[in-house]
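Between the sequences and the hints, there should be enough to build the whole structure, so can you do that?
For the protein sequence lines, the chains are U and P, in the order given. Following this note's numbering, the numbering of the first sequence begins with 454 at its first residue and continues without gaps. Following this note's numbering, the numbering of the second sequence begins with 454 at its first residue and continues without gaps.
It is possible that part of the hints are untrue.
Any copy, or any two copies together, can satisfy a pair, since identical chains are not distinguished.
[Stated by the list, open to error] Within a straight-line C-alpha distance of at most 27 angstroms, the following computed DSS-like cross-link-like pairs (lysine-lysine) qualify:
no. : residue 1 : residue 2
1   : K540      : K560
2   : K591      : K558
3   : K531      : K591
4   : K463      : K540
5   : K580      : K591
6   : K654      : K591
7   : K540      : K591
8   : K654      : K593
9   : K463      : K654
Hints were generated in silico from the structure; no laboratory data involved.
There are 2 protein chains.
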Amino acid sequence: MFATVEEGIKRLRAGKPVLIYDFDEREGEVDIVYPAEVITPQDIAFMRQIAGGLICFVTRYEIGRVLGLDLQTRILRKIDSLSSLVKRPSYGDEPAFSIWVNHVKVKTGIRDTDRALTIRELAEIVKLVQEGRTEYAKVKFIENFYSPGHVPILLGRVGERYGHTELSLMLAELANVSPALVICEILGTSHEAATPAECLKIAEKLGTVLLRGSDIVKYYEEYRARYRT
Amino acid sequence: MFATVEEGIKRLRAGKPVLIYDFDEREGEVDIVYPAEVITPQDIAFMRQIAGGLICFVTRYEIGRVLGLDLQTRILRKIDSLSSLVKRPSYGDEPAFSIWVNHVKVKTGIRDTDRALTIRELAEIVKLVQEGRTEYAKVKFIENFYSPGHVPILLGRVGERYGHTELSLMLAELANVSPALVICEILGTSHEAATPAECLKIAEKLGTVLLRGSDIVKYYEEYRARYRT
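Next comes the structure, spelled out in structure tokens:
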């Protein structure tokens with residue numbers, strides 16, 4: 454049922470989505486992952502109609518920090534009346550949520566055209582940071598986005614946390630694709646999460662593959678070990 | 454195309470959803486509105502599959518304040534690196550977003566069963582506040598919810614703002630229904646917002662009606678004028 458990591462790398466590098474199942478002992482959910490740079494209103498519609506979870510923008514924690522972002526948990530801890538609401542979810546680690554944004558040119562923020570615009574423009578900001586143009590990236594981010602909006606930004610802590618946020622960033626690094634992704638949980642029709650078997654059908658419909666989180670982690674760690682030596 | 458406000462009141466009082474179009478000069482969008490107390494996993498699935506917007510919990514700003522909540526804009530203004538991201542959206546007024554929560558008993562937070570649980574339990578907290586048991590409500594809220602999560606809380610400022618958040622709260626007050634609602638934008642198939650004509654078909658499918666924001670405001674203001682004398 455699960456494809457090799459190489460198959461996933463090939464798809465992501467070609468601008469296609471990939472499906473990732475995390476771990477039995479974690480969420481036990483499949484997310485669909487797209488490179489953010491090329492996201493279209495049609496992709497947004499597919500995610501809301503077929504996947505059904507939250508449509509989130511993913512980047513690395515370090516890139517978020519450059520832009521002045523931080524984890525929502527750390528923001529809430531600074532507000533007296535809300536700090537007690539920060540708790541660990543049942544699957545263990547602190548969520549990757551930062552803040553929710555819209556690009557200033559959206560109509561209302563929620564439409565497919567709007568969310569695609571917000572996400573593509575966020576990917577542009579990440580690109581500037583990657584190119585080392587951090588001051589310009591920061592100014593452009595502050596000028597062209599507002600919060601709260603309709604697209605959650607997730608900040609991944611690769612090597613510390615093993616959620617879909619981090620799995621998608623590991624795959625992006627392996628594929629040499631920008632650390633700017635879109636992820637959305639696949640809920641299917643059961644009122645729980647869609648099973649890997651259900652998701653396999655969706656993957657086939659999209660001409661893509663379903664990967665296993667543990668395979669990505671293994672592949673990534675081997676790659677990093679080789680890279681370090 | 455638009456039904457009378459009385460028809461909407463009747464539906465909401467019977468625990469049914471109602472569709473509300475705001476105003477041509479505002480978002481120009483239709484939201485589906487449910488009483489939160491009776492929300493089911495099936496309703497959540499309907500919203501994500503057919504409506505497609507954000508599935509939000511709505512209550513009054515004053516009730517949020519009792520629970521220690523505030524608008525997200527006011528939270529972000531307290532964080533130096535994020536305060537410049539607070540801007541007015543193109544349709545004019547500051548968004549109603551507060552924070553995003555999960556009930557502590559959810560599995561991952563996003564599943565239909567999870568979001569229905571979070572929303573029904575939030576409605577219970579609102580009920581406690583309405584009954585004057587504010588201290589108990591506050592303790593129970595802090596103990597049983599965590600943030601960030603998957604359900605945005607919107608705090609409506611009735612009389613000051615005229616978004617779907619406030620329109621749904623006005624209708625709830627007219628229907629003598631608890632100020633605890635779920636709203637979700639209807640996006641349809643066009644990649645923009647669904648038109649009122651498209652939404653009318655959805656309303657008919659659900660055995661409910663489509664109301665016009667301006668009719669709700671007019672009816673509500675007449676009701677308040679009578680009530681005040």
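* **Hint check against the structure, violated hint numbers in rising order** => 4, 6 and 8
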